[in-house]
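Chemist: Given next are the chains, with one letter for each unit.
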Amino acid sequence: MPTLVGVFDRPGDVAETVTRLKGRGFTKLEVYSPAPFEEIDDAVDPKPSKVRIFTLVGGLLGVVAGYAMTIWMSLDWPIVIGGKPFASIPPYTVIAFEVTILFGGIFTLLGLLAVGGLPSIKLGAGYSARFSAEEFGLVVEVPERDVAEVDGLLRAHSAKEVSLVAS
Amino acid sequence: MTPPPPESVAAMIRPTPALPDSPTNRDVMRVFMERPGLGWLLLIGLCLGGLAGGAATWIYQIYAGLGIAGYSHPIFWGAYIVTFVFWVGIAHAGTLISAILFLFRAKWRNAINRSAEAMTIFAVFTAQLFLGIHVGRIWKAYFILPYPNQRALWVNFKSPLLWDTFAISTYTLVSLIFFYVGLIPDLAIARDRTTGWRKALYGALALGWQGTSRQWKAHNRTVLHLSGLATPLVLSVHSVVSWDFAMALVPGWHATIFAPYFVAGAIFSGFAMVLTVMIPVRRIFGLEHILTDYHFENMCRFLLLTSCIVGYAYGIEYFIAWYSGVEAEKTSFYLRAFGPYWISTWIMLIFNGVVPHLFWFKKLRTHVPTIFVICTLINIGMWFERYVIIITGLSREFNPAVWGHYTPQPAELMIIAGSFSFFSILFLIFLKLFPVIPISEVKELVIHERAHGHGQHAEAH
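Chains as they are written, first to last, in this note's numbering: chain R, 1 to 167; chain H, 1 to 461.
Same shape as in the complex, but just chain H:
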């Protein structure tokens, strides 16, 4: 092509014609730009009801005291702590997908990482609610922080509960940063294509992102470093949660395997929750060509792996209880399986240790309804895992004076239902406000494949 003569340069000053937008932009923007449908409104209405019920119960509990929660001697860690651990566990999948799979350069992660990261944040928020609910006197919850006070007393840093405070708050902040950093380029895409309040919102949040090479380079570095920081963080958070138990001498808790056992369980339950949420989302918003069966199959493989680890941990716990010869341990584990909480134990063993092995069959791990059912069972099983660990441990300690029985009370069930509503509301709002698929990451693959000339498969992975 020969250069044009200098006279024609003036003719070049003209407005650029409107060009077709990127199909990836359109597909993903459609999800959050479309007016909420009836299903969304019904669902959020239902969740608001659940949340109102939970909030009212909590207010009543603040008035009446933790007695209405079935807390009584010797069991003062009940369903609230169980649900706290459950939600912290759910949170782990997001960081695993975005940080660890990023470091392993598993490109398939980028269709699911945004929603998984969002779930991480919402799950951590939900989990933190339970700390407030569990302490009872919520107005004194700030006692856990090392703040300067009149008596110049500081907190006890030797207590695992303090480690937990630091772990969970760090996790919340770092996950938020991770989520936000990934969102910035997509917010700029939304800013360029919206009007009115949305443009103002996305414009402010996008911070003037333009995708210059300098910005992308800094962004890549930032994501890499945040992944490097978040990987040990995510492993540490559930380890610290497990030490809340393992550092105590309670039979059934005092085990060195707890940290890896809890981390594997957290990833297991988190992946199950991501699938439980994303299967309906993909179906409702027609995202099958971005979030393919291939992604679901990979997630199922992860479930299979972590189920094996969790199953192994269940086995080792029983083995050690027997092999150690400690009477209290032996009794504790015998009572788990055949004592008053046998239903919970068998739910945990079957749903977490046996059912996921169906994923060995390719037919089943590629059949979406089956995946959905199995993941729901895993969610239930993982809640019961924490229930079994916490309650059976506390109900039979070393001496008959501290033996007791605990059943979750209606107040606790109301608040647990409220927590699911809270999580769902946050996620439903997220669906209608932010891109649920990381647009620029998907586009990177699309452009890359186009440049190298196998255009058709570009959007599949």
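For reference, chain R alone in the conformation it holds in the complex:
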């Protein structure tokens, strides 16, 4: 299928165009944007990012790992220190807390990589360096017969340029 790239200046226009295109049934679309804009991101996909699940799982794993490590190691070779119980929760909470943050942080990074599709060797077909300047690119795959219509729709929403990239 041919791929059309529309270039925009304002995030609001992009978001509106995305909504219109999706309404017309063109859902194979991608927006390249130089900075995050909620209106665009929500127009493309209103669901919250799945990164949050990664953080939650990492944090929970961390707190369990922190307590399990300290308690198991203290019981593995029991030595009385300061007359405290071997598995002494208050001091181990400090360690468990730090491990929670550590695992949570690492898992959040993994979440970004997994959800964002990183690392990827090839850049998208419609990507161009101007989309890391100050312009927005709306890339949409359309069937041959709808090219003209979508082209018109993009221009009608103040796309300053529309081009066709090899399909």
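Computed spacing ranges between beta-carbons, pair by pair:
no., chain 1, residue 1, chain 2, residue 2, range
1, R, Leu60, H, Ser159, 24 to 34 Å
2, H, Ile320, R, Leu60, 34 to 44 Å
3, R, Ala125, H, Ser159, 55 to 65 Å
4, H, Met33, R, Phe86, 57 to 67 Å
5, H, Lys199, R, Ala125, 13 to 23 Å
6, H, Phe319, R, Ala65, 36 to 46 Å
7, H, Tyr142, R, Gly117, 29 to 39 Å
8, R, Asp45, H, Leu42, 48 to 58 Å
In short, the hints are calculated from the structure, not lab data.
Note that the Cβ used here is the ideal one computed from N, Cα and C, for glycine as well.
Go by the hints and put chain H onto chain R.
Modeler: Structure of chain H alone, referenced to chain R:
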């Protein structure tokens, strides 16, 4: 606008003409793409000299032993631990600016957060050096980690020093992740605009970032969650460092106020260091329109606030020493002010508790040279704060058998100078390798303002 006829579609297949780049990209890229100037080369040469001196001293100390560091009974925590705490404190500003101000939606932070985050990482690296230097037998430093060994012995998790190990290593890793995640979109910008080894480097580090809506959404979430994790982390790290002292019974250390007192002091010293470094950077690279006086003024307000907290803690320490009626505490605090370390104490009190109050005056907190001087004084004052706490505490414990005197030795001064060189080298390399201003965050504001039609002020904040 009417749709073009279908025949014209073929005519649309044409290469896109080269377009003017974003001014923000150009301004920031210029900083690290320009060939290093004479000043940069001289500075890094000087720092390499300092680092060589410090490294040579450390090697000699490994050979000769900690005796050359002025460690002797009863004071076995000296300038190395002082400088360790100093650098950990410096590290706190970066996380505060990037995480806590992010959660508070303080948009002004985004002109300084990158450099502050970089400073966080470099300061933590520098601080960790001192743990190795302080333990003396560096080849046994791994004993602090819970690793399986032949005797099946584990480390003592009830010791604050172990908490510190976990706190500092978590802090290092999470700060690195935070720094890197923020850097990814900017690395993609650099990848699209460079050639040769730089393109290869930025291309590899950018991981194929394209700024798709899915990626941005994930990125926003990631930054939010990392901020949420880093905020309690940064408060915990210096609390744990303070417990290294507060958990001991040493007079002058054994205080419940230590955690908030240390955290406030860390933020205070960190902000001062950020300003000390960023004032010359802004001037040399001409970034006045991105990093404005408004940012500096806000940072000075923070300094004022944290100085008040630190000053209050100084007062409360003295009050409690008197009010508790404990002889050892009273003596310890009397000797701080009028004993052999009185110079250090008065430097600490005046530089941290009195001088920053000049920032009550708008004239002074908007006058850049004044800010620079005051921040330098704060840096000095905060080093002495840790010196006073550690040394005066250890030099007069409960019984005359453990009374002593400590003066930093030349070896220690050499290594401290080396640590400043190490930190500066890392920062100088960072300046020439990575964008010192978070480009995409600044651009977000620029585009936003343009879309809503007050274009002119866009780059100011």
